[in-house]
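A.B. asks: Single-letter residue listing:
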Amino acid sequence: MLDAYIYETQQLLEALENTLLAGENGQKLDADQIGEVFRIMHTIKGASAMMEFEELSILSHKLEDMFTLIREGKDPGAAWPALFDVMFSSVSFFNAEMAKLLDKQTPNGDSLPLRERVEVLIRQIEGEETTPEAPEAPEGAGAEEEAVDAAAEEAEMNTTEAEAEDAQAEPAAPAADSAIYKATVHFEKDCQMENLRAFGIVQVLQKMNVRLSYLPADLSASSAAEDIVNNGFILYIQTSESPAEIKAVLDETLFVKAVTLSPVGEDSEDIPIEMRTQPEAKGQGADVKPAAAPAVETPEVKASAPETPPAPEAEAASNGNGDAAAAQVNNGMTSFETVAKQNFISVNVNKLDSLLNIVGEIVTAQSMVVNNADFGDRPHESFDMAAQQLHSLINELQDIVMSIRMIPMSTLFQKMRRLVRDMSRRFGKQIQLEVIGEDTEVDKNVIDYLSDPLLHIIRNSVDHGVESPERRRELGKPENGRIILEAKMTGSDVVVTVTDDGAGLNKDKILQKAREKGLLTKPESELTDREIYNLIFLPGFSTKEQVTEYSGRGVGMDVVRKNIAYIGGAVSVDSTPGQGTVHTIRIPLTLTIVDGMKFSVGKMNFIVPTVNVLSAIKPSPEDVFKDPEGNEMMMILGKVYPLMRLSRFFNIHDTVTEIADGMIMHLSSDERDFCIFFDHLDGEYQVVVKKLPSYLEKCSSNLQGIGGCAILGDGSINLIVDVNGLAAEC
Amino acid sequence: MAKIMIVDDAAFMRITIKNMLKKCAHEVVAEAENGKIAVERYKQFMPDIVTMDITMPEMDGLKALKEIIAINPKAKVIMVSAMGQEAMVREAILSGAKGFIVKPFKEEGIIAAIDKLA
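Taken in order, these protein sequences are the chains called A and B. Take 14 as the starting number for the first sequence in the numbering used here and just add one per residue. Take 3 as the starting number for the second sequence in the numbering used here and just add one per residue.
Any given hint might turn out to be false.
Listed next, the in silico DMTMM-like pairs over lysine to aspartate or glutamate satisfying Cα-Cα at most 25 Å (straight line) [what the hints assert, rightly or not]:
| id | chain 1 | residue 1 | chain 2 | residue 2 |
| --- | --- | --- | --- | --- |
| 1 | B | K108 | A | D203 |
| 2 | B | K25 | A | E742 |
| 3 | B | K118 | A | E258 |
| 4 | B | K108 | B | E29 |
| 5 | B | K25 | B | E88 |
| 6 | A | K202 | B | D117 |
| 7 | A | K631 | A | E483 |
| 8 | B | K76 | A | E265 |
| 9 | B | K20 | A | D78 |
| 10 | B | K25 | A | E258 |
| 11 | A | K220 | B | E29 |
Read the hints as simulated data drawn from the structure, not as lab findings.
The whole structure should be built from the sequences, with the hints applied where relevant.
C.D. replies: Structure follows, in structure tokens:
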């Protein structure tokens, strides 16, 4: 239960932060966004209250209050910046408390300082309204039209009720056998909003053949609920119905604890004045409690006055809410994304791992069943049809399982947005973070491991990269610095780049530092610029001169590299002095679907990612020749490429040896283009890349050039060629 | 035994209510995360009792309540409200809600409410 609470609250906070960030550029939120923030605070409030996390629930309540005001049309105006600050601080506060909960600690943060800031804002927002609020129109001017609509809608609704009332009004006139009863209703302790529960009772009774009077008379008065708690809800009911029926209605009302119902004499002192006199005319309101003043001037509504909620303020308020409700419905489309986000549930990744493995096993088992030798050559038409259906279902299952583990980068990038915002404010810099490709989906693990390195790199870019606005002006650059965060898929890798348009890296400083620390392994003159820049990733290297709150925590870029290397990735940096720095992180997908070409060498099956394939050629022997050292070369369109016989490289026996009998594939890698020679090309497949089992790494076989493996639909195991790895070997 | 549908945009609240109801003899036959889905599922499952959150995206609880009452005027809908939603609760009552429960509520509260309606 706690897990569900934490998870959902975190999701909501993330959505909230998204909305706030989206709105902050324009320094205000639009109506949709206001509605969304309101809903989020409302949900967090409710959930926190259920979990009895009081500080969280009161803070969210306060924030909800503030957004209720704004939603009702009060414009914070000049208070927007302060409001954004408070909201961001609150998000941080909530997040910190969630972190404590995750750590099995009690959320003990004190929300009072935040609440006080919210209070100040609320007062400010209320003060913004220049004209004193008229009770009939709490909405802002802009909402008036909708308010009218809502009123009209309500009027319509009430008209039908009024008709019903009319129909009943005739028999409601006291019949000869009618009697007056006094009922006292007590509600369950702490069931809250007792006045509205009483209002509910009144509504139900009025649909019956009765005349009513009750205490407290004004159910919308602020003291009504308390009165009812203390004295009970007292009704005088004049009816010809049997008392048992009345009692049943009262008893059936939710949260009613006790009901006493007793007849009172016609002329008893107890009976309220209006009960003693006959109603003058139907629909006048006399048969309801006296406080029921008609709220709106339209005749239709007046006719329904007996049914209309009593005080004008309440009426107006309910219009206001109807309006808000309508707005919410309209918002439906835009907030759909948020809805989708809230639909997530958390699942242990280990479970997903085993699910994936099982699906792989099912594929194999399926193939064993379908191609079972016991069937022989007999025709089995219906079996084939069933098998076909099974096949397509399993394919679908496989796709779903794959997609479950993939999550978009947007969650990660979101954090960065916030970081850039907070840091640039702090350092007085003006930096725009541009995000590209946040929909790129990667394995869950990748996101987890990428988070810290990315934070670190971006901190560096903000802190040391982008210059202050003054300095940028001097340099003739635009005052607004830019950091571009981009994610994209390139074949089997995800590439994340962080590009800033700041000062760039200082080559001389890096060299000097590297010299001091003895990190240089080559003569300085042989180092390329790129190599110099990448020295910053060496352990023990750090050019930080000044430790700042954000970028200096005693961790250097070597930690970044270590973290990324841990998930099999690589990081590099390039820079142009005065123009900026580009950090590039490449991460192989631990789990992905790859389009590949399948081929065989002897009995071994291989898959090579299609992105790496330039062409596949049926070679003629004269295209292949040897260089002076005996290495085979292949001539394609007048250019010569090294040729690698996979049978020799992987030491596979019983393979094609004659060039004319086999096939050549022309591959491109990061480093260079080259050719491989194999036996037979089997066609194109979409495969699920799986890591090689770890026990293979323990045995001594040559894994260079193998990036993973894949099980095909027929259950065969295929090795996936790591083209870059192979290129390094030839 | 009554068939119950839980409508709330917060998964946490749905789980909470569901867990609370596990202890009584009723069966949760459907859940919905907004009013629109709630109306569809109502038609599909025709539950005996609906617990309906008020503030939801897409379609709020009041609108859903009205649509459900339009489908079945005898539908038993309990609104799940929070403090501060008095006006909406009032509207819900006028629209035919059988009652309401105020967050945060206790297990006994919601079970008692549902038992009473069942």
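A.B. asks: Look at each hint and say if it fits the structure.
C.D. replies: Do the hints match the structure? See the list:
Only pairs whose Cα atoms come within 25 Å are accepted, and B:K108 paired with A:D203 is accepted, the gap being roughly 10 Å. Proximity of B:K25 to A:E742 is assessed by CA-CA distance (about 66 Å); at most 25 Å being required, the pair is judged violated. The straight-line distance between the Cα atoms of B:K118 and A:E258 is roughly 16 Å, inside the 25 Å bound, and the hint therefore holds. At most 25 Å may separate the alpha-carbon atoms for a hinted pair to count; B:K108 and B:E29 meet this at roughly 19 Å.
Only pairs whose Cα atoms come within 25 Å are accepted, and B:K25 paired with B:E88 is rejected, the gap being roughly 30 Å. Between A:K202 and B:D117, the direct Cα distance comes to roughly 18 Å. Compliance with the 25 Å bound is thereby established for this hinted pair. Under the criterion of a C-alpha separation no larger than 25 Å, the hint pairing A:K631 with A:E483 is inconsistent with the structure, at around 64 Å. Of the supplied pair hints, the one linking B:K76 and A:E265 holds, its CA atoms being roughly 14 Å apart against a limit of 25 Å.
Between B:K20 and A:D78, the direct Cα distance comes to roughly 29 Å. Violation of the 25 Å bound is thereby established for this hinted pair. Taken as a hint, the B:K25 and A:E258 pair is broken in the structure, with Cα atoms around 31 Å apart against an allowance of 25 Å. At most 25 Å may separate the alpha-carbon atoms for a hinted pair to count; A:K220 and B:E29 exceed this at roughly 31 Å.
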